[in-house]
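Residue numbers (the numbering used here), protein chains in the order written: chain V, 1 to 272; chain S, 1 to 272; chain A, 1 to 272; chain E, 1 to 272.
Some hints could be false.
[To be verified] Only pairs whose alpha carbons sit at most 16 Å apart, straight line, appear in this in silico EDC-like list of lysine to aspartate or glutamate: (1) K36(E) / D268(A); (2) K36(V) / D15(S); (3) K36(V) / D265(S); (4) K36(A) / D268(E); (5) K36(A) / D15(E); (6) K36(S) / D15(S); (7) K36(E) / E270(A); (8) K36(V) / E69(V); (9) K36(E) / D15(E); (10) K36(S) / D268(V); (11) K36(A) / E270(E); (12) K36(V) / E270(S); (13) K36(A) / D15(A); (14) K36(S) / E270(V).
Please keep in mind that the hints were generated in silico from the structure rather than gathered at the bench.
No experiment lies behind these values; they were computed from the predicted model shown.
Here is how the chains run, residue by residue.
4 protein chains.
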Amino acid sequence: MATFDFEGLTIYYEDHGAGRPLLILNGIFMSCASWKAFVPAFSAANRLLLLDLVDQGRSDQVDHEYTQELQERLVVAFLDHLGLDQVAICGLSYGGEVALRLAGRHPGRVDKLVLSNTTAWTSAWLSDIGRSWEAAMASHDGHQFFATCIPVVYSPGFYQARIDWAKAREELFVRLFPPQVYDAFARLTRSANSHDERANLGRVEAQTLVISSQHDHVTPLDNQLELVRGIAGAAHLMIMDAGHAAMYEQPAAFTAAVLGFVNSDSADIEID
Amino acid sequence: MATFDFEGLTIYYEDHGAGRPLLILNGIFMSCASWKAFVPAFSAANRLLLLDLVDQGRSDQVDHEYTQELQERLVVAFLDHLGLDQVAICGLSYGGEVALRLAGRHPGRVDKLVLSNTTAWTSAWLSDIGRSWEAAMASHDGHQFFATCIPVVYSPGFYQARIDWAKAREELFVRLFPPQVYDAFARLTRSANSHDERANLGRVEAQTLVISSQHDHVTPLDNQLELVRGIAGAAHLMIMDAGHAAMYEQPAAFTAAVLGFVNSDSADIEID
Amino acid sequence: MATFDFEGLTIYYEDHGAGRPLLILNGIFMSCASWKAFVPAFSAANRLLLLDLVDQGRSDQVDHEYTQELQERLVVAFLDHLGLDQVAICGLSYGGEVALRLAGRHPGRVDKLVLSNTTAWTSAWLSDIGRSWEAAMASHDGHQFFATCIPVVYSPGFYQARIDWAKAREELFVRLFPPQVYDAFARLTRSANSHDERANLGRVEAQTLVISSQHDHVTPLDNQLELVRGIAGAAHLMIMDAGHAAMYEQPAAFTAAVLGFVNSDSADIEID
Amino acid sequence: MATFDFEGLTIYYEDHGAGRPLLILNGIFMSCASWKAFVPAFSAANRLLLLDLVDQGRSDQVDHEYTQELQERLVVAFLDHLGLDQVAICGLSYGGEVALRLAGRHPGRVDKLVLSNTTAWTSAWLSDIGRSWEAAMASHDGHQFFATCIPVVYSPGFYQARIDWAKAREELFVRLFPPQVYDAFARLTRSANSHDERANLGRVEAQTLVISSQHDHVTPLDNQLELVRGIAGAAHLMIMDAGHAAMYEQPAAFTAAVLGFVNSDSADIEID
């Protein structure tokens with residue numbers, strides 16, 4: 001619904017509702033459009049900010065390699081553009097990695113941090129799985145891309161139960177995605193290879209909630225526990241019976257966890 | 001802060017803040033006083049209703065046995081007293097059992113239901129553990145009561161890390177609780193023995209969130225999964241690194257889950 | 001060390017030691033050679049039979065598609081060739097699927113059944129992940145094959161800790177595997193697509209042990225629980241801190257579970 | 001079937017079969033009689049040694065307090081009595097604590113160590129639960145003892161499914177146990193209060209297997225993970241769908257894990 005200029009790139013964003021601002025940062029295959037069904041709930045009591053990162057959705061694609069430091073710069077520029085000193089940020093997977101950079105490197109800009117299915121660093125295991133994603137993207141073959149990257153982001157039970165929906169999505173991807181979308185996915189994937197914010201976890205000042213899923217086959221739980229242990233006072237919820245894409249599988253649980261954490265002031269609860 | 005008459009008994013309750021009404025039903029050893037630290041967060045955007053059930057806190061004790069049907073009647077009378085057609089209810093353990101009765105037997109009175117560390121029925125395992133609780137209560141010995149009933153409601157790690165706090169609480173219990181408090185606890189314990197709402201799960205119309213804890217040594221996870229499977233559309237969150245008394249161990253995670261679920265309208269989120 | 005003829009194909013097998021016969025059926029990327037380090041322990045008190053299935057290791061490859069019914073026929077022919085009426089079978093993943101066919105369709109031939117990281121059927125989730133494997137195999141590119149198929153069979157922690165070993169294995173695969181090996185892998189993958197023995201679980205007469213791994217990112221635990229629930233009296237052990245390839249990650253735990261189950265007579269233990 | 005003198009006490013033991021010697025050390029409410037159904041399987045290929053510790057079963061009771069150092073001395077004396085330099089030891093819970101003392105303080109005497117549902121130390125949580133056990137024992141009331149100490153050692157599902165058996169056991173306990181048995185249980189419970197072998201884990205030289213249970217409501221999994229991390233090369237298996245008393249709930253899985261680990265030589269398996 002709006003754009004702004006970031007270092008010569010046109011960046012797409014959406015600005016819904018009013019209230020405590022909540023910025024959402026997308027997972028790698030997501031975009032502002034992914035949140036369509038969530039906008040009413042998420043903007044009912046909040047100013048909801050959706051943002052397509054570089055190489056995502058309706059934001060510009062680039063013709064060079066980069067790291068997530070680019071996305072960090074983009075988010076800072078976006079907050080400056082809106083004149084927002086401080087926001088709550090909820091990041092999912094890739095978006096959680098960028099959110100973590102923000103919270104650790106610009107602690108004054110983030111008052112609440114929600115990290116959904118996020119890791120503090122790209123292990124060799126994740127990096128090598130990422131290579132398989134890149135190969136599938138490089139093929140520009142939508143079916144190969146789908147089979148390689150999509151089933152694993154869902155829990156096996158959800159995927160099996162909605163197999164017709166999954167097959168329809170595969171056809172949609174094949175029909176809609178031109179080669180440059182796969183190239184953009186590949187750049188995004190590579191930009192996360194150097195991700196390692198483990199040394200900055202102690203610098204996060206935002207109240208933090210880590211959201212895991214019971215059946216996450218992409219981000220290992222042990223990596224998420226590193227976040228819980230490294231970020232002072234981090235709370236930790238698990239969405240049961242969901243895979244990596246928990247927001248799609250269990251929207252009510254995801255919505256409750258994110259909005260409840262962002263909108264409640266629980267930091268001062270002292271049990272005696 | 002207020003009382004009302006229920007079948008000749010004086011019942012204590014608290015009424016904080018304004019907004020969508022949220023009634024909390026206590027676990028067996030809890031009372032309105034247990035929520036003191038939570039009142040600011042829980043009444044910031046809601047009308048928070050705290051209620052001491054029969055034999056709890058500052059409500060009257062009785063001199064006869066009863067079942068949870070008595071507590072169900074009490075809650076209905078309480079809602080009538082306040083002139084509330086419908087409320088959100090969050091019940092913990094024993095309070096969750098009463099909340100489940102309300103939602104299944106008076107579906108029109110409950111629009112949101114949060115069941116924290118709750119079972120749909122009292123299995124023989126729980127019932128026999130309950131007998132050990134009764135024996136400790138019958139001794140009127142505060143130390144025996146504490147050792148039998150309190151460590152198991154916390155996660156081992158939390159209890160060990162706060163052992164000085166735990167020991168201070170034990171002394172407090174011993175000093176404060178007269179024999180009739182232990183007798184009231186024993187009646188409450190026995191009143192749950194006949195609890196079995198499994199046949200009514202399908203009658204629950206409220207949007208429901210089941211909250212479990214990773215280290216619950218009192219309510220088995222399998223029993224909580226019966227709730228998730230039996231109540232249509234139930235969402236399920238697990239509070240990580242917490243025991244049965246999750247609200248005390250992880251107040252931020254508990255607060256986020258409860259308030260987020262009660263205050264967001266996620267029922268209509270349709271993923272396509 | 002020996003071969004026999006099966007329907008015109010030369011099949012490789014190894015026959016080590018003496019004692020109660022134990023036949024091992026390989027996972028999809030394994031062969032008799034994978035067991036080299038295990039032979040001393042596994043043949044100390046047993047006659048250990050290793051077998052390369054069709055399209056595996058040193059057995060012949062074929063030039064046509066098939067289903068696991070072919071591998072089932074092969075195993076029956078192998079037992080007949082050795083004159084063995086009945087054996088214990090331990091199958092891993094793909095090999096577990098074949099072992100399950102044997103036990104359900106030829107119950108008299110199997111007296112003990114160990115199913116390690118095995119599913120009773122190929123769900124749509126597994127089948128679509130299998131398509132990504134096929135695409136990587138079809139590329140005949142060893143690096144793409146490795147990145148797609150190998151990291152996920154290990155636990156993230158194990159893979160990260162042994163990344164030098166993993167990289168050396170990748171180079172080895174690239175150097176050693178000619179295109180026809182990838183084609184054989186692809187046929188094996190496709191042959192499992194129609195796997196569905198759910199209706200035959202009740203026909204298994206062998207004493208059965210299901211072995212799962214804590215961090216199995218390939219075979220969902222829920223699928224393994226279907227085996228436990230469907231096969232009468234099945235025992236269930238989980239190898240902690242291991243991925244799908246548990247035998248490599250935790251050889252002592254794997255060896256204990258398999259040999260202990262095969263060599264002990266626990267069926268008659270009646271607790272009173 | 002035999003006795004020997006230990007510091008003036010008559011100690012009962014059983015010596016079954018022949019082969020690699022395996023000594024079993026009992027959990028707190030167990031005795032040699034608990035193993036009756038297991039003797040055929042456990043003595044088929046091993047010399048099975050069962051031992052009633054001080055205050056257990058048919059061994060003498062004492063009239064003074066002690067620590068587990070007494071039981072450690074007893075086991076050393078027992079091995080000396082039999083002329084055994086080195087044995088495999090499988091200890092369950094209390095017996096595992098004693099086994100751990102042996103392996104850490106007399107490393108030359110233990111070649112294989114199996115620790116089932118065992119902790120390296122008695123945390124405040126366990127110690128305070130122990131106080132509730134002591135209070136129930138001090139009542140000399142068999143029903144109170146049973147309700148306090150027995151349901152929690154089983155998984156909820158097992159206990160519920162075999163409730164008639166459980167009730168019959170309760171009646172048996174009430175009928176058979178004279179007051180001095182409860183006093184002996186209480187001394188055993190107190191003798192574990194000072195248990196803390198965390199500093200000696202690094203001294204264990206025996207090949208070690210830690211066996212946990214999925215639904216252990218007595219020994220927290222985190223405590224068992226301390227053993228796995230502290231003892232070099234420890235293997236770790238979990239018996240699924242079982243509680244603290246896993247041997248009773250899943251005898252086939254328990255038997256496989258113990259005998260497989262004791263009788264296989266897996267230490268030299270090197271994966272390349």
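Holds or violated: K36(A) to D268(E), with C-alpha atoms at most 16 Å apart: Answer holds: K36(A) to D268(E) is near 12 Å, not above 16 Å.
Holds or violated: K36(V) to E270(S), with C-alpha atoms at most 16 Å apart: Holds: K36(V) and E270(S) sit about 10 Å apart, inside 16 Å.
Hinted pair K36(E) and D15(E), Cα distance within 16 Å: This hinted pair holds, its Cα atoms lying about 12 Å apart.
Hinted pair K36(A) and E270(E), Cα distance within 16 Å: 10 Å, holds
Hint consistency between K36(V) and D265(S) [alpha-carbon to alpha-carbon, up to 16 Å]: 14 Å, holds
Given hint D15(S) paired with K36(S) - CA-CA distance at most 16 Å: 12 Å, holds
16 Å Cα cutoff - pair K36(S), E270(V): Since the Cα atoms of K36(S) and E270(V) sit roughly 10 Å apart, the hinted pair holds (cutoff 16 Å).
Holds or violated: K36(V) to D15(S), with C-alpha atoms at most 16 Å apart: 37 Å, violated
Straight-line alpha-carbon gap K36(V) to E69(V), limit 16 Å: 27 Å, violated
Satisfaction of hint between E270(A) and K36(E), Cα-Cα up to 16 Å: Cα-Cα ~9 Å, so holds.
Pairwise hint evaluation, D268(V) against K36(S), where the allowed Cα distance is 16 Å at most: 12 Å, holds
16 Å Cα cutoff - pair K36(A), D15(A): Holds, at roughly 12 Å.
Checked against the numbered hints above, the structure violates hints 2, 5 and 8; every other hint is satisfied.
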